[in-house]
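Novice: Each residue of the sequence shown is one higher than the one before, starting from 645 at the first, in the working numbering.
Source of the hints: derived by calculation from the structure; they are not laboratory data. Source: prediction; values computed, not measured. Hints are not guaranteed to be accurate.
Pairs of lysine-lysine residues, derived as DSS-like cross-links and limited to a Cα-Cα distance of at most 30 Å, are as follows [as the list claims (entries may be wrong)]:
id, residue 1, residue 2
1, LYS1120, LYS1146
2, LYS1044, LYS998
3, LYS1164, LYS1121
4, LYS933, LYS1044
5, LYS1146, LYS1016
6, LYS971, LYS950
7, LYS1120, LYS1150
8, LYS1044, LYS1178
9, LYS753, LYS1015
10, LYS933, LYS753
11, LYS1121, LYS1044
12, LYS1150, LYS1180
13, LYS1016, LYS1180
14, LYS971, LYS871
15, LYS736, LYS854
16, LYS1178, LYS1121
17, LYS874, LYS1015
18, LYS1121, LYS1015
19, LYS874, LYS950
20, LYS1178, LYS998
21, LYS1044, LYS971
22, LYS874, LYS854
23, LYS770, LYS854
24, LYS1015, LYS1146
25, LYS874, LYS998
Quick list of the computed label-pair ranges, beta carbon to beta carbon [said to hold, decoys possible]:
id, residue 1, residue 2, range
26, SER680, ILE1082, 53 to 61 Å
27, VAL1068, GLY826, 52 to 60 Å
28, GLY1175, PHE1107, 20 to 28 Å
29, GLY828, THR975, 38 to 46 Å
30, SER803, TYR1066, 35 to 43 Å
31, ILE1040, ASN935, 22 to 30 Å
No residue lacks a Cβ here, since even glycine has one placed at the ideal position from N, Cα and C.
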Amino acid sequence: LKDAASTAIYGSQGANGVIVVTTKRAKSGQMTVDFSSRAGVNQLTNGNLEMMDGAELYDYFSSFANANTISFPRWKPELRNSDFDWWNLATKTGFNQNHNISLQGGTEKLQSFLSVGYYDESGAIKGYDYERYNFRLNTAYTPFQWLTVRPSIVGSRRSVSDQQYSVTSIYSNLPWDSAFDGDGNLVPHRSPLWVNSASTNYLYDLQWNKGSNVNYEFMGNLDFDVKITKNLTFASVNNYRYNSYAAAGYTDPRSNGGLSVNGRVTDYRSEYTRRYTNQILRYTNNWGKHNLNALAGYEFNDFSSKTLDAYGTGIVPGFEVLDVTAKPERTRGGISQWAVQSMLFNSNYDYDGKYLAQVSLRRDGASNFGKKYGNFFSVSGGWNISREEWFNSKYIDMLKLRAAYGSVGNRPASLYPQFDLYAVNPAAGYNGIPGLLISQIGNPNLTWEETYTSGLGLDVNAFNNRARLTVDYYIKKTDNILYNVPISGLTGITSITQNIGKMSNKGIEVALGGDIFRTKDFTWSLDVNLGHNKNKLTDIYKTRNADGTYTAKPLIVGDGAGIAGSAN
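Take the sequences, apply the hints, and build the full model.
Specialist: Have a look at this one:
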């Protein structure tokens, strides 16, 4: 959904368009069971890159004009017979399997849909594996004719095994150097036995290093519909989402990454919760050729997250916990929260399907503004010419004209741009006590970025609806653009979030489609989309001069040129 009439009801969440997704729902009837199973293999490919073997590499170097000046000790013809395949050692034939089972069925009063899935992939690179479990339960229960309850729950567990070693040496290691010594033992990094004694042995790291992450995600819904009267209904959508992520890493002191710091242990954890509720009161009525659909609603959405990030160095081989590190390098964490609430109204009216009108109003409030609330709207109309009595065409099945005008708001990406923020920094402290450093200059006057969209549209279906044409022309004007404006870095802060200017966006979009071949059981269609738009920055932030005029300032530090000139 992109036009003003469709997106205005979604407020700031529809600033860049809306995608509506509907998941599988239960159906009444006899219980049915569906099962699917897939398996496959995967391999890492070199593409057009072919690695040299020992003889090819020796001949390549020997072809140089100064080959007789090569002085390293092992430079001798016997190298042509040394051919170790580092690529083959690091890769393998991976295997993946995917199994899903679903059950659905029920009665007129109770319908259920349950699906369970399992996916496992053994990677084509040694030491990399992925596994996923997932389930979904959707239920619809109608205990009374006036009440329908739809609870649902979705969950998943995803895990990754990554043994923390670099495989770039499969390209750079020489085929003359083997990962194993004469007794079959792994050669350590930078072995003096190698021609290139600066190389690393990734198999050496593979036996020691460990890394993994696990992600749990659960989402629960409790939705219900209440039929209050023939024309009045109430719908409630309530959602709770929880996500937990944990990643741990162990870099052995004997590994390439652990040599310089005598080993490393890392631990990262995060969790977040998100709550959403949407309450809609809907009124519908039809009298004669008049059709009316109106709704009023309330919406609330909040988010809370917590993170912990720590690592330490200096460990005894085999000890994989932070407690035993000799040097705690970093211990940090954070808590983030935001909330948005909205009140909304929408009304649709049509007369005999010919004349269409829509009005939407919305008031959004967001926690990451100094001026928290913004008001947004849309009005639209349509004329279905093909339903007029005088319209008679054996080729055109539907002809409709549309027009819309409306506004939506946009929020900043940062959570607290209206506040001055401080960071705790041990380097800024005294006598071992951490101090505070300013990390952000707040803007208490920050307000909503607003985009006003005007649009004209044409819809045509022809030749028994086998050909379709949609044309949309739009003009978007954005005011109070949110931007991180550069400032002097003397305070240690280089930018501040401000509402700084205006922008226009004009364009046209054309969608042309048709059914090339259509029968009762088969349809082959072709769709083509064309678009052209032009963006223009029409105003930018200014500073006031002594004579009362304003001069536009550059957005880029060091760019002395004015962008919008000067204005009174």
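Novice: Look at each hint and say if it fits the structure.
Specialist: Do the hints match the structure? See the list:
Straight-line distance between C-alpha atoms of LYS1120 and LYS1146 comes to about 11 Å, which keeps the hinted pair within the 30 Å bound. Distance check on the hinted pair: LYS1044 and LYS998 sit about 9 Å apart at the alpha-carbon level, within 30 Å; holds. Restraint check: the Cα-Cα separation between LYS1164 and LYS1121 comes to about 46 Å, which exceeds 30 Å; the hinted pair is violated. For a cut-off of 30 Å, the pair hint linking LYS933 to LYS1044 stands: about 18 Å separates their Cα positions.
At roughly 20 Å between alpha-carbon atoms, LYS1146 and LYS1016 fall within 30 Å of each other, so this suggested pair holds. Using a Cα cut-off of 30 Å, the hinted pair LYS971 and LYS950 holds, with the two alpha carbons roughly 25 Å apart. A distance of roughly 6 Å separates the Cα atoms of LYS1120 and LYS1150; the hinted pair therefore holds under the 30 Å criterion. As the CA atoms of LYS1044 and LYS1178 are separated by approximately 26 Å, the hinted pair is consistent with the 30 Å bound.
Only pairs whose Cα atoms come within 30 Å are accepted, and LYS753 paired with LYS1015 is rejected, the gap being roughly 48 Å. At most 30 Å may separate the alpha-carbon atoms for a hinted pair to count; LYS933 and LYS753 exceed this at roughly 34 Å. At roughly 26 Å between alpha-carbon atoms, LYS1121 and LYS1044 fall within 30 Å of each other, so this suggested pair holds. Annotation: proposed proximity of LYS1150 to LYS1180 holds, straight-line Cα distance about 9 Å (limit 30 Å).
Taking the CA atoms of LYS1016 and LYS1180, the gap is about 28 Å. The hint holds against a cut of 30 Å. Between LYS971 and LYS871, the direct Cα distance comes to roughly 65 Å. Violation of the 30 Å bound is thereby established for this hinted pair. Our distance criterion of 30 Å between C-alpha atoms is met by LYS736 and LYS854, whose separation comes to about 19 Å. Only pairs whose Cα atoms come within 30 Å are accepted, and LYS1178 paired with LYS1121 is accepted, the gap being roughly 12 Å.
Distance restraint check for LYS874 and LYS1015: the Cα-Cα separation of roughly 41 Å exceeds the 30 Å cut-off, and the hinted pair is therefore not satisfied. Simply put, LYS1121 and LYS1015 have alpha-carbon atoms about 21 Å apart, close enough for the 30 Å limit, and the pair holds. Between the alpha carbons of LYS874 and LYS950 the distance comes to roughly 47 Å, so the proposed pair goes past 30 Å and is violated. Taken as a hint, the LYS1178 and LYS998 pair is broken in the structure, with Cα atoms around 33 Å apart against an allowance of 30 Å.
The straight-line distance between the Cα atoms of LYS1044 and LYS971 is roughly 72 Å, outside the 30 Å bound, and the hint therefore fails. At roughly 63 Å between alpha-carbon atoms, LYS874 and LYS854 are farther apart than 30 Å, so this suggested pair is violated. The suggested pairing of LYS770 with LYS854 holds, with an alpha-carbon distance near 12 Å, which does not exceed 30 Å. This hinted pair checks out: LYS1015 and LYS1146 have alpha carbons roughly 19 Å apart, not beyond 30 Å.
A distance of roughly 25 Å separates the Cα atoms of LYS874 and LYS998; the hinted pair therefore holds under the 30 Å criterion. Separated by about 57 Å at the C-beta atoms, SER680 and ILE1082 satisfy the suggested range of 53 to 61 Å. At roughly 56 Å, the beta-carbon separation of VAL1068 and GLY826 lies within the given 52 to 60 Å, and the hint holds. Taking 20 to 28 Å as the suggested C-beta distance range, the pair GLY1175 and PHE1107 conforms, at roughly 25 Å.
Separated by about 43 Å at the C-beta atoms, GLY828 and THR975 satisfy the suggested range of 38 to 46 Å. Between SER803 and TYR1066 the CB atoms are about 37 Å apart, so this pair conforms to the stated range of 35 to 43 Å. Against the hinted window of 22 to 30 Å, the Cβ-Cβ separation of ILE1040 and ASN935 comes to about 24 Å, which satisfies the hint.
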